[in-house]
Amino acid sequence: MPSQPANLLQGTLDLLILKALTLEELHGLGVSRRVEQITRGTFQVKPGSLFPALHRMSDAGWLVSSWGSSENNRRAKYYRLTPSGRRQLQSEVGQWKRIALAISIALEAT
Amino acid sequence: MSFLRNLFSRKSVEHDLDEEVRAYVALLTDEKIRAGMSPEDARRAARIEVGGIEVIKDEVRDLRSGAVVEAALQDVRHALRLLRRSPGFAGLAVLTIGLGIGANSAIFSVVNGVVRKPLAYPESDRLMFITSQFPNIGFDKFWISPPEYFEFAAHNRMFSTVAAYTTGAMNLSEGDRPERVNTAFVTASMFDVLGVPPARGQVFSPEQDRPGADPVVLLSHEIWQRAFGGDPAIVGKPVMVQGRSRTVVGVMPPGFDLHDARAQLWLPLGLDPNAQNRGSHNFYLVGRLAREATPAQANAEIETMLKQWREWVPQGHVPNDSTHRLQAAPLRVEVVGNVGRALWVLQGAVVLVLLIACANVANLLLARAESRHKEFAVRTALGAGRGRILRQFVAEGVVLSGLGALFGLGLAFWGLKVLLAANQDSIPRASEITLDPLVLLFTTGVAVTTGIVFGLAPLLHVGHQAVTIAIKEGGARTTAAIGRNRVRRGLVVAEIALAVMLVIGAGLLIRTFANLTSVDAGFDPRSRVTFGLNLPFASYPDSQRVVQVITQLARDLAQVPGVERASAMQGLPPLRRVNANTVAIEGYTPAQGDPPANIDYFQTVTSGYFETMNIPITDGRGFEAGDAIGGPVVIVNEALVKRFYKGESPIGRRINPFLAGQNTPLFTIVGVTRDVKQGGLDAPAGTELYFNFEQLPRIVGFAPLQMNFVLQASPRLDALIPQVRRAVAAIDPALPIIQLRTMEDVIGDSLVRQRFLSQLLAVFAGVALLLAAIGTYGILSYMVTERNREIGIRLALGAGNRQVVRLVLRQGISLALAGIAVGVAGALVLSRITESLLYGVTPSDPLTFGTVAGVITLVAVAACVVPTRRAMRVDPLTAIRAD
Chain V
1 MPSQPANLLQ GTLDLLILKA LTLEELHGLG VSRRVEQITR GTFQVKPGSL
51 FPALHRMSDA GWLVSSWGSS ENNRRAKYYR LTPSGRRQLQ SEVGQWKRIA
101 LAISIALEAT
Chain H
1 MSFLRNLFSR KSVEHDLDEE VRAYVALLTD EKIRAGMSPE DARRAARIEV
51 GGIEVIKDEV RDLRSGAVVE AALQDVRHAL RLLRRSPGFA GLAVLTIGLG
101 IGANSAIFSV VNGVVRKPLA YPESDRLMFI TSQFPNIGFD KFWISPPEYF
151 EFAAHNRMFS TVAAYTTGAM NLSEGDRPER VNTAFVTASM FDVLGVPPAR
201 GQVFSPEQDR PGADPVVLLS HEIWQRAFGG DPAIVGKPVM VQGRSRTVVG
251 VMPPGFDLHD ARAQLWLPLG LDPNAQNRGS HNFYLVGRLA REATPAQANA
301 EIETMLKQWR EWVPQGHVPN DSTHRLQAAP LRVEVVGNVG RALWVLQGAV
351 VLVLLIACAN VANLLLARAE SRHKEFAVRT ALGAGRGRIL RQFVAEGVVL
401 SGLGALFGLG LAFWGLKVLL AANQDSIPRA SEITLDPLVL LFTTGVAVTT
451 GIVFGLAPLL HVGHQAVTIA IKEGGARTTA AIGRNRVRRG LVVAEIALAV
501 MLVIGAGLLI RTFANLTSVD AGFDPRSRVT FGLNLPFASY PDSQRVVQVI
551 TQLARDLAQV PGVERASAMQ GLPPLRRVNA NTVAIEGYTP AQGDPPANID
601 YFQTVTSGYF ETMNIPITDG RGFEAGDAIG GPVVIVNEAL VKRFYKGESP
651 IGRRINPFLA GQNTPLFTIV GVTRDVKQGG LDAPAGTELY FNFEQLPRIV
701 GFAPLQMNFV LQASPRLDAL IPQVRRAVAA IDPALPIIQL RTMEDVIGDS
751 LVRQRFLSQL LAVFAGVALL LAAIGTYGIL SYMVTERNRE IGIRLALGAG
801 NRQVVRLVLR QGISLALAGI AVGVAGALVL SRITESLLYG VTPSDPLTFG
851 TVAGVITLVA VAACVVPTRR AMRVDPLTAI RAD
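Here the protein sequences come in this chain order: V and H. Quick note on numbering: my numbering labels position 6 of the first sequence as 6, and the sequence is numbered without any gaps. Quick note on numbering: my numbering labels position 148 of the second sequence as 148, and the sequence is numbered without any gaps.
Bound conformation, chain H alone (with noise of 0.2 angstroms):
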């Protein structure tokens, strides 16, 4: 085939055309002596009849089948030399894209598989996240309580079906090594709501969720995988969960979850209709949108409901539009929460990076074309078609974007990698994100867009009526400059201003992560290690033993070296779920309407704990041994005074918990301590009541059975691990270590989301200024060169090294200044998106403002050293003699 023989031995073809052109030359040469011309006049009149021997050559070749794709290749593989011979540049501009594009890659697959991506079940737009609300004690999205649910599930119309749940983590005993799991606690409806079939056996049946029920137990597949090998038989079988025989019913598919809970078991509920628990508000409900029902239709019934609950329930507690509404919003809102708002801003944020990006290689190429100016003049002159030089910087652009992208690509799927890893917890649906063919296609998008963008900008110079201005004028280019300069004096503004837009942006919330990292917590987290213990109730029902055992092991963690003080509490600060307890309060009545007395976190803690965990009192005692022998005696914090005793000191008061319902005696408060931030390091800290450990059983009839460990301990983490393992098994070998770690940990565990957000946005900053500043020393250089003669006439008439420092500074300042004045204006009015994201600083915080100019300011200034110091070695004499 002759399109193959053209493409493959393009070399011999070439070379047989050029032959073949030259003999008729020759021939014709010959013809014209013969004629009687002189040799010398033959020749010449040959050549001039002739024309062009390379158009000549170049109109043959785009005859030839495959010339379409051999001219692509031959754009490609001449793009590809010229990229070559100037490595410096092409790195450059390859880097560039690579960064926008791997940024944006990275970023945009982020957002696509959390914010745009339809949550993995069928229809699941229809699928509604029900929850309550106590305005007057501030709790947006609460809990709702069983028999709430089942009056809700009678009385609406709205929804097809509706199910409630919690999650958790229990023991699972299997395999050598016992583990803790995530669990969910599922009504039967569950399935149905969510519409998602078991892979194996059965989902619950009704029956299965009453109470009183044969226990039953669902398996995620991962953990089906990973704990059972996958046994192919596994239904039915039994497995023990937090000592408990559970029969397994059937098997989830891949990735089937609920709310980011990451369930491993699923549980059946077993809700008591008849039970009148409607104080105990402790399940979401999610509900499946009938047919033609529509989210805000669904909230309007609800408003109704919430009129008409009186009706329904004479007696007690319901739920009104006052002080205890409902409310529902779209699942996928829920699960995607304020990650949404975090995710669309650094989305925002590598859109300026990729806009910055690009008007740095459009600049690159500016210049380039620039310096090439004599190269086009000269191809044009010889022949070369506009269209063939258009082709040829549409190549270069398309192949820098090309090699861009690939880097780019690569970037974006190691640092998506990454970025999950690190990140795990933090962002929602993780098990979701992943480079998918939405995000490829974006990304080619944006190469081949930059490609053509880029390789046209060049063509704003190189017209052909300026083909002879640029061959006459050679190097000096005088006047026709200035337009040009225009163009990219506004590149470089533009490109600082998003910069400056961007780093006051990462400013902003890395001070809010500061100002978060430095708020005290309210005890001291150095030299302190935490682990958590879960005793099963089936193994330990006697609360008795629970507490022996708990306090044995405080005492043998106290003897390990290096261990100074060993301590246990219920919950583990600084990032609880509030609990939000009804007490009664001696001497307290609520306002008319208001709920009764609420305390917010309720906390049992061992004697030592306070010592343990540096956390002050301030008025009064802390728990003594002498507690576990005498009367029911609680702690408060400072919240807790302020909220309920005005400030006085409420030692010797009493409040009345209602931990083992009606029966519960009073309790006498001994101790103030300062407040322990409990609902997150940028929440309030909340009212909180201290119990002490050791005498609740003997008090109320129970002790909490999940328990937090702390070591006030000098070794290093790993050091204590083996003596932490060995000390809980001479206990009970069957008991997990859950999460071992530092408390500094612990507290950074808590601020993963502000973490993530202003790293990613610290890089992606620090991108920016750099590529602004490439772009300032690009341009800066540039006019140096220039300027070269005329700095080379000012030196000659006198000026000193001064005047020519200057003259560059000034131009370097002046696009600094423009950039930051464009710059600061637009983050004024962006910062506003970023507000809700902040914590102790305005959106117009000054000092960020001001910083960042001057760091920008300086950094214009660095990018002035080279130009400036190749301005003060212009020789005047070569300055003014060249060209």
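Isolated chain V, as found in the complex (with noise of 0.2 angstroms):
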């Protein structure tokens, strides 16, 4: 784990969280986990940005959550994404994609 886990930029966080879901259905703690882990430990997500996001994205249509037990039986919300969370992430990819390319060109330019 990286000594200083760098901020997440503006509007990466829901992409992080509809790639996490992408593979499985996960609870709270979970979706810290998987991004910890895809991200290789460079993104950190603390509760207080995780819940908000997840309800707000709920609201938004892109998840749906209900109760389940977790691996050690404790009672936990299990989030999954819907197709039109599916959807979101598909353009969200391409959209980054097409910043991410924008700002190596920029960076790369002399």
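There could be a bad hint or two in this list.
Said to hold, decoys possible - Heads up, incomplete: computed chain V residues facing chain H, CB under 7 angstroms, no partners named:
1. 22
2. 26
3. 28
4. 47
5. 51
6. 52
7. 68
8. 73
9. 74
10. 77
11. 94
To be verified - Within a straight-line C-alpha distance of at most 30 angstroms, the following computed DSS-like cross-link-like pairs (lysine-lysine) qualify:
12. 77/V / 46/V
13. 19/V / 32/H
14. 57/H / 46/V
In short, the hints are calculated from the structure, not lab data. This one's a predicted model, so the numbers in the text were calculated from it and none came from an experiment. Think of the CB as a built atom: it goes at the ideal place given N, C-alpha and C, for glycine as much as any other residue.
Build the complex from these two chains, which are given one at a time in their own frames, with help from the hints.
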């Protein structure tokens, strides 16, 4: 784990959460851990930003949640992508790629 | 919709969120235990990592759709819950704001309806009221004669149209009971001047307004509805007015009136343009300014006309620029009259009440914020943002003032109704007064502003830096409290000062009213009952018959059990219009340029009149039965003797009243009476000449047809009513009885405007006094609580009850004295405004000022009683140990 986790870029949190949920449904802590994992520890999502984001995305209809039990039999709320969430992920990924490309071009320019 | 779901299933959503966050913590703890931590450490570490659970929940809540509405609702709910928990505070605050807002809305409605709104005519700003002035004899707004009207209308250029009118009352015989209705005689041009078309039919044509034209009448909407059942085919039908049949030509729209005449019938004046009755000053004029003309230009033109008038009329008495002037003033100013000033005084008074109420509620909220110091500190520490706390303050303020405004509006609605019902005749344009949207807007504005101001007031105390201090301090407030105290003491001093000003104003007007009620009207109003009777000329053309009917009725009424005497008079004191009659007095020649001798009031009475009214004869004799067949005699009042006979006895001297023009014989003065107030209790009595009713027809060929009976009777009024009705009906069942009431009521009614003003001001002053007392009480009891410890130490060190009492009283009285000093200074400045409303008392009346200062001090002392008792009960041990 790097000593200084990077701050999440504005707008990337949604993208990361959507991405984290593509494989399987996860509870809140699971989402945090999955994001850490897929970013190789670069990003840590604190509950203070995680929960507002999860609820906002549920309101937008990208996620649905249901209560289930965790691996060690704890009651926990699980989040799952909806079809509209998958579409959102695709569009955000496309957008991100454009941005990333634009920024690397900009940085390589002399 | 998630918005609605969130709003309506708020509770379950809340619960869900709570559980979710807790689950997160539990999972995190598990994870840490698996990583090798002890369960205790794991739990602790997890909690620290998650941070404030409440903060997270709050942020989620803020994000949710509908969050703004929900947060507002939540704040309101929270505020309501808090207020319900302290009903005393909430009740006091709502009552205080309600009183302030209610009084303001009610009075603002009146001011708005009476003073601010334009009159209900098209382009009413162009309407001017034209009157004459006789500076030498002190008539300021006098009437204008027919030739003067025609000459004015012909020669002026600043007015597009000019009309003349006079108002009165007549008998309308319609339906089962005859009734007395208000009439306005107008020239046909009046409807052009006012610019209001009839709702049905036509207004008068110029032909119908000629002398000798067929009699016609226009109905008001109100009388058309009430007496004629809104008959849609009324136009063209005949109606009986004052014993004469008139054809209805039209109906005026609802609310149409002129100068508060409450006219129910409109009749054509039928003036003769060729008549030379130059002295018959009987009409007021209303003119509509031509386009582009201003009131100032109109008056400048009148000034020029006054200089030229003699050129148009070579003979006789004409208006001129010294002794017989004309003037024009905006009709609105004339209609509103001096009520405008009284209303603005009232408006000022209620604004003071509102200010006091605001100060009081601010004080209440400050004291409350004080006791909630800790609550806010804890909430801040728990992560409530500054904005969140601010929002809650504002919510509380808005909820308080909203409830207060609601209560106040109810109060205003009810108060306005009572006010108008009780003062129908003393408020001009009363029918135009409603709680209208402007008033509602004003009230809402006041409510919202006070809400926000009150809401923010406690923020003076709660800053972020204060949080730690507050928690550390706990309840033991010490030095920090001093600064806050200064604000609150300042508020209380301001409250007392405002109350002092208001109470002084009310005191002056109450003294005015008391002075007026104790004025000797010149007759004895006790156990006296009066009513009016009007004999229509059409049914009573013979004046001898008029005398027979009236004297017969007086005799019949005197036979009613309990009635000692019954007489009749033409004019009912104490509030008559001046009739200013030109007379010739033997041995009196007016000074050069003065008009001929003039007597303010002519009065015609039956023989027993002076006994029935208990008016003393101070010289000579009263009228006797023999005068009916004797020579022409008159009785004069003392004011007349002073004016024309320089105080010498006038008995035997003669006067020509020109009652029958140049053929009038000389009347011999046989007696002098004490002065009777005729021009209002607050005005000098005026000169008066009494004629004998029984002898008039024989001497001058006519008798007054409108007479007022007065009975000296012991029974109560309602016991007399059927008897009087029976007696009148026995003489002529077609005669309506006009205003049967006690003489004391007549006097009371003549003071209705002064009573209205002083009563209202007294109520407002009472409210102000109460609010100031509550404010003083509040700050003192707060002081006692705050200095609990100090008092405890003093008691422990051997201070007695007296020292403790002195401690509290000194605080209370120093506040009161400071308030009184400021208030008295303010009142001295402000009372100049009320000067013209006062009678028999100066604006800086020392008695009023002294009494008020005393009363306020007493109220302040009374406000000290409970806090003092509480201070005396302080237990030194608990006080010192506490905190």
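- Message: Does residue 68/V hold up as a contact with chain H if the rule is Cβ-Cβ below 7 angstroms?
- Response: 11 angstroms, violated
- Does the CB of residue 22/V sit less than 7 angstroms away from some CB of chain H? 21 angstroms, violated
- Hint check: is the beta carbon of residue 73/V less than 7 angstroms from a beta carbon of chain H? 10 angstroms, violated
- For the hint on residue 77/V, just tell me whether its beta-carbon gets within less than 7 angstroms of chain H. 5 angstroms, holds
- Item | Status of the residue 52/V interface restraint (C-beta, 7 angstroms, chain H) | 5 angstroms, holds
- Item | Restraint check, 7 angstroms cut-off on beta carbons, for residue 74/V near chain H | Given a least distance of 6 angstroms, the restraint on residue 74/V holds.
- Query: Does the CB of residue 47/V sit less than 7 angstroms away from some CB of chain H?
  - Reply: Result: holds, 5 angstroms to nearest chain H Cβ.
- Query: Given the hint that residue 57/H pairs with residue 46/V, does the C-alpha gap stay at or below 30 angstroms?
  - Reply: Given that 30 angstroms is the threshold and the Cα spacing comes to 13 angstroms, the pair holds.
- Message: Would the hint on residue 94/V be counted as holding, given a Cβ-Cβ threshold of 7 angstroms to chain H?
- Response: 26 angstroms, violated
- Hey, residue 19/V versus residue 32/H, does the alpha-carbon distance stay inside 30 angstroms? Cα-Cα ~26 angstroms, so holds.
- Item | Hint check, residue 28/V versus chain H [nearest Cβ-Cβ separation less than 7 angstroms] | 5 angstroms, holds
- Message: Under 7 angstroms is the threshold here; is the Cβ of residue 26/V close enough to any Cβ of chain H for the hint to stand?
- Response: Interface hint status for residue 26/V: violated (11 angstroms vs cutoff 7 angstroms).
Violated hints for the displayed structure, listed by number in ascending order: 1, 2, 7, 8, 11.
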